[in-house]
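Colleague: Read off the chains here:
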Amino acid sequence: MLIQRLGAASRHVVLVVMCVIALGPGYLMVTGSLKSQAEFLGHPWALPTSPDLEAYRTTFNDQFTRWLFNSVLVTSVAVLLTMVIAALAAWGLVNWPFRGRDTVLGITVSLMVVPPVVLLMPLFQVGAELGWISTYRIVILVYVGLMLPFSIYLLANFFRTIPASLLEAAALDGASPFQVFRRIVLPLSGAPVATLVVVNLLWAWNELLLALVFLQTDEKKTLMVGITGFQSRYSLDIPTVMAGMVVATLPLAAAYMFGQRYFIRGLTAGGLKGE
Amino acid sequence: MNARRSVAAALSAAALLTTAACGGGSSDGQSPEGAGSPQAFPTEDVTLTMWWWGEQEAPGAKQWLADTVKAYEAKHSNITIKTVLQTTDGLIPSFEAAAAAKQGPDIEYFWGGIYSQQPYWSESITPVSDYIPADELAHYTNAALEDTYDGRTLTAPWYVNPQFPVLARTDVLDEHGLEVPTTWDELLNVCDVLSADGVTTLAGGVKDGWFGGWLYSMLGAQSVASKDDVTAAVRGDQSFTDPNHAEWWTRLEETREHGCWNDDINSLELYQAQQRWVDGDAAMTITAGTDAPNFVEKVGADKVTVTTMPTWGDGAYAGKMGTTSQTVGITSWSKYPQVAADFIMFMHTPDRLQAWYDQTGSLPADDRFDMSKVGDPVKKQLFAYAADGAPYLENFIPSALDSKAVFAGVQLVLQGSKSGEEAAADMQAEAERLRRTDRSLVDNFEGWTD
Amino acid sequence: MTTDVATVGPASRPVRRGLAHRLGPLPWVAPAALAILFVFAYSMFELVRQSFQYDDAWVGFENFSLVLTDPLFRTAIWHNTLLLVAVPVLVVLALSVAVVLYETRRGVVAYRAILFLPYILPIPVIGVVFGQLLQLNGALNGALDGLGLGSVTQDWLGNPQLALWTMGGVIVWKEVGFGIVLFLARMMSLPEDVYESARLDGAGFFRMHWHVTIPQMRPLVVFYVISEAIVMVSWVFNYVFVMTNGQGGPGTSTVVTELYIYRTAFQDQAPELASAAAVLLFLSTLVLIVGFFRVQRAEGGTFGD
Chain E
1 MLIQRLGAAS
11 RHVVLVVMCV
21 IALGPGYLMV
31 TGSLKSQAEF
41 LGHPWALPTS
51 PDLEAYRTTF
61 NDQFTRWLFN
71 SVLVTSVAVL
81 LTMVIAALAA
91 WGLVNWPFRG
101 RDTVLGITVS
111 LMVVPPVVLL
121 MPLFQVGAEL
131 GWISTYRIVI
141 LVYVGLMLPF
151 SIYLLANFFR
161 TIPASLLEAA
171 ALDGASPFQV
181 FRRIVLPLSG
191 APVATLVVVN
201 LLWAWNELLL
211 ALVFLQTDEK
221 KTLMVGITGF
231 QSRYSLDIPT
241 VMAGMVVATL
251 PLAAAYMFGQ
261 RYFIRGLTAG
271 GLKGE
Chain U
1 MNARRSVAAA
11 LSAAALLTTA
21 ACGGGSSDGQ
31 SPEGAGSPQA
41 FPTEDVTLTM
51 WWWGEQEAPG
61 AKQWLADTVK
71 AYEAKHSNIT
81 IKTVLQTTDG
91 LIPSFEAAAA
101 AKQGPDIEYF
111 WGGIYSQQPY
121 WSESITPVSD
131 YIPADELAHY
141 TNAALEDTYD
151 GRTLTAPWYV
161 NPQFPVLART
171 DVLDEHGLEV
181 PTTWDELLNV
191 CDVLSADGVT
201 TLAGGVKDGW
211 FGGWLYSMLG
221 AQSVASKDDV
231 TAAVRGDQSF
241 TDPNHAEWWT
251 RLEETREHGC
261 WNDDINSLEL
271 YQAQQRWVDG
281 DAAMTITAGT
291 DAPNFVEKVG
301 ADKVTVTTMP
311 TWGDGAYAGK
321 MGTTSQTVGI
331 TSWSKYPQVA
341 ADFIMFMHTP
351 DRLQAWYDQT
361 GSLPADDRFD
371 MSKVGDPVKK
381 QLFAYAADGA
391 PYLENFIPSA
401 LDSKAVFAGV
411 QLVLQGSKSG
421 EEAAADMQAE
431 AERLRRTDRS
441 LVDNFEGWTD
Chain V
1 MTTDVATVGP
11 ASRPVRRGLA
21 HRLGPLPWVA
31 PAALAILFVF
41 AYSMFELVRQ
51 SFQYDDAWVG
61 FENFSLVLTD
71 PLFRTAIWHN
81 TLLLVAVPVL
91 VVLALSVAVV
101 LYETRRGVVA
111 YRAILFLPYI
121 LPIPVIGVVF
131 GQLLQLNGAL
141 NGALDGLGLG
151 SVTQDWLGNP
161 QLALWTMGGV
171 IVWKEVGFGI
181 VLFLARMMSL
191 PEDVYESARL
201 DGAGFFRMHW
211 HVTIPQMRPL
221 VVFYVISEAI
231 VMVSWVFNYV
241 FVMTNGQGGP
251 GTSTVVTELY
261 IYRTAFQDQA
271 PELASAAAVL
281 LFLSTLVLIV
291 GFFRVQRAEG
301 GTFGD
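Chains as they are written, first to last, in our numbering: chain E, 1 to 275; chain U, 1 to 450; chain V, 1 to 305.
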C-alpha cells in the first residue's frame, strides 16, 4: 500500500538511490583515473578539476594491448567451442533417448557445483606433463570443460520443449538428424544460445584463478591476470591503477552498452522461460 | 621431497599474489668439489637461461645484469646467456612450473633462508657448492647463515638486504619536542605524546600480511640467542610460547595500547601506508633496506634519521638490523651447471661488484667489495648494519607458519581482538600442527641446523 | 544413421533399436564427453586418490582427520555457511527492485541497464576499487561523514567482526543486478490479464504482487536461490582473494573453504590435505545438487516453466 500511495515519485527516488549505489564504485574508478593522486585521496567523490590522461599513457605503455588480445582470443575461442560442443551434445542426448540418459544429464549438471579450485591441482599436473603450461590450449580446454555442464543442461532442457511434430515432419521429408538439427533446431534456439553466450562470455572473460596458474609468461597472460599484476606493480599510483581497471572493464562495458538489448534479452528470454 | 609435492609447490601461486613459497627440483649429487672439476668447460656453443627478479627493490639491476652478461659473453665467445626478468607475483610460480616440467632456467633467483632451502628439499636445485670452491663461497655474504644445508651451500648470495631500517622524520619529532627513540620506553613515550596530538608515530599497513613478517623479524630477534633458537622452536625442541619466542608479541600489543600506529593499519597495504610517512603524516615508518635511500631522498636527508627498531630486549641482536642476501641457484636440470657456476663467480669479480654498487646503490653480497668507496652516509650506515646484522627470523620458519600464524596474528593483535599471549599460543599451536601435517618438516629442519 | 530417420524426435519412441541407433548419439556427444572427462573425471579421480595418500603411500583417512581437526578448516566452512545469509537478502532485494521497476514504466530501460552494470565488472576490478572505497579513511566513510552519518562509519575490511559481512555486502552489490533482470523479464512476460483481474478484485499493491507475481515467479526464484547458493559455497574464492590480498584476513575472519584449499595446496605445500579438504567440500556441495534435482523434478524440467 505504502509504496503505491507514495506514488511514482518515491519509486523513482528508490531507483535513483539504487542506481547511485550501483554506479558509485564505477564513478570512483573512472574519475579516479583522471585525477592526481592527492586529489583522489583528498576528495574522492569530487569531479576531477583538471582531467588528465597521464594515467592512461602509463597504462598503455604497459602490456595492456597484449593482454587484451589474449583475453579476446581465449574467451572467443573457448565460448565458440563450448557452444558448438554443447549444442551437439545436448541434441545428441535429447534426440536419441537411451536408458540412463537422465542420469547422465544429472551427473553433468551436478558438475556445475564443483569449485574450480578443487580441480586446479590435478589439472596443473596434467598440464605440466603435457608441457602445456603457458599455452592458450590448456586454458581454452579447461574453460570449455568448465562451461559445458551448464551449457548442455540449458540447451538439453530447451531442445526437449521443441514440438515433436515439427521434427517428425522434417524427418518424413527425409532430412538427416544433422539436417534436422541445423534447419529446425538451431534456428529455434536463438534465445537460449544468446543466454549462454552472454553467461559464458562474462565468465570466461572475468576468470582469474585458472588463468593465473596456467598462464605464466607475459606473452600469454589474459587481461585479468595482467591487471592483477599491474595493480600490485602500481599500487602506490592510484590514478594509474584506476586507469588500468577502466581499460580492463571497457571491452565488456562497451559490448554491454551496444548490445544491451541482446545481453538482457539473452539472459532472460530464452532459457529461463523455456520460450 | 618428491615430484608430487614439488608440483604442488609449483602452483605455489602463493607467489601469485600472496606470500611466496618455494622451490622444487632435484640434486643430482655431483661430487662437492672445486669449480669445473666434475665437468670440463664446454667448447661447443652453449646457451644458458637465467630467470631473475630484483629490479623493483634494486633499480638498476637490469642494466647491471645486461652489462655483466655482455662482458661474460665477450670473454667466452661460445656462451650466450639469456635473462628473463620475472614479476614479483610470477617469480615462484613460473619456477615451480619449470621444476615440474624439468625444463626452464639454468640459473634461478631465490630469496634467502627458507626460500633457498625448500627448492633443495624438493630437489629442484643443485647446491652451488658442487661447482663453486669453498674458498670462493666463503666471501659470499650470508651464505653460511642462510643458504647452507648439511655442509652444502645451496644458492649463491648476490646482493644484501638490510632488513629493516626504521626511518624517523626529525622535523615531525622536533615539532613535538621529541627525540628519535632508541629504546622501547622512549618509543612508547613518543607514541603517547604524538597520539595525544593526533599524529601517527609509526605508519604501517598489514592488510596484505607481509608487514607482520617484518615486525616479527625486527622485534622477535631481540630475545633469541641465534637462528638456531628459531629452528629449534620449529622442530619442537623449544616452544613459541617460551619467553624468548613469545615476548615480542606482548611488545607488539604495547604499541597498539600506546596508539603508535595509524588507525587504518588493518585496511591499508604496506606500501600504501609508507606513503603516509613521505607525506609527513607520520613520524616514523619501516621500509625495505634497498629502498630506504629513495625514501630518505624523497623527504630530504637532513630531516631523516635512519635507525633500527627501538630495543626492548637485551639479546645479542637488539639494536641490530636483520641481514639477508638475495641469491641465485643452479637448477637440477641444467645441462651446463659448471658454466652457470662460472657465470655466478664472474658476477663476484671486483669490477662487477663495484659496478653493482654504482648502478643500484645497494650492497653486493661479497666481503671483497671495497666499502671505502661508499660515500653516501645513509648507504654507508645501512651497509654497516647489514655487515654486522642479525639473522632475519622470517627466513628461518616455514612460509606456512609465517602466513598462518605471524601475518594473521599481527593483524589481530594490532586490531585489538587478540592479546599478545593468545597470538603466541596460536603460533605454537600452528607449529605443532605443521609438524603433524608436514611429516618431513622436522627432518629437514634438523639437517638445516647442523 | 539415415535408416533411423523415422525415430528422430524426442517424443517419438524409437521403432528399431539397432546398433546404429544405439551408437547414434555417440558422435554428437563424444566431444563434450571427452572435454568433461578430461577436466572433471581425471581430476576428481586424482583428487580422491591423493586425499588418501602421503608421499605416495596409502594413509587411509589420516588426511581427512588432519583436516577435520584443523580449527581453520572448521572456521572456513562456517564462513561459507554464514555467507549463505546473503542469499535471502539477494532474493528479497532483487524481487523488490524488480517489482518497483515493473510498476515504474518510465525509464525502466535505463534503470535496468544501470542496475545490471555491477554484474559485468571483473572481480579483480571490484577488489581494487572496493579496497580503496572501504578503507577506514576511504571514500565510503568519507561520504557517510559528509551525509552526517559519521556514527555508522566502520573499518569495513579491517575489523574482523565485520569483514565477512562486508564481503557479503560486496557480493550482493555485484550479484543483485542479475536477479533484478531475471525477475523483471519474467514479470513482463506474465499475461497482463492476470493483473487486470486482480486489480478488479481490488487487490492492493502488496497483495497483488504477493498473490499473483510471486507464485508465478516461484521456479525462477528457486533457480536464483540455488545458483547464488552455489556462488556462496563454490565460487566465492575470487572475491575473498582480491579483497584481502589472498590472506583471508584480518586474522582468519574471511577465510572460506576454497581459500583454505588453495593456500593449503599452493602455499603450505600440502597437496594431500588440500585434496582431502576438496573432497569434503565437494561432498558438502552434493547437498546443493540434491536440492537442485528436487527442484527440477518438482518444477518439471526447465527452471522457469
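Keep in mind the hints are simulated off the structure, nothing from the lab.
No experiment lies behind these values; they were computed from the predicted model shown.
It is possible that some hints are incorrect.
What the hints assert, rightly or not - Under the rule of at most 25 Å between Cα atoms (straight-line distance), these lysine to aspartate or glutamate pairs were calculated in the DMTMM-like manner:
| no. | chain 1 | residue 1 | chain 2 | residue 2 |
| --- | --- | --- | --- | --- |
| 1 | U | K298 | E | E129 |
| 2 | U | K379 | U | E55 |
| 3 | U | K298 | E | D237 |
| 4 | U | K62 | E | E39 |
| 5 | U | K62 | U | D314 |
Colleague: Please go over all the hints and tell whether each is borne out by the structure.
Modeller: To see whether the hints hold, each was checked on the structure:
Taken as a hint, the K298 (chain U) and E129 (chain E) pair is broken in the structure, with Cα atoms around 49 Å apart against an allowance of 25 Å. With a C-alpha separation of about 18 Å, the suggested pairing of K379 (chain U) with E55 (chain U) holds against the 25 Å cut-off. Taken as a hint, the K298 (chain U) and D237 (chain E) pair is honoured in the structure, with Cα atoms around 16 Å apart against an allowance of 25 Å. The hinted pair formed by K62 (chain U) and E39 (chain E) fails the criterion: a straight-line CA distance of about 34 Å is larger than 25 Å.
About 41 Å separates the Cα atoms of K62 (chain U) and D314 (chain U), which puts this hinted pair outside 25 Å; it is violated.
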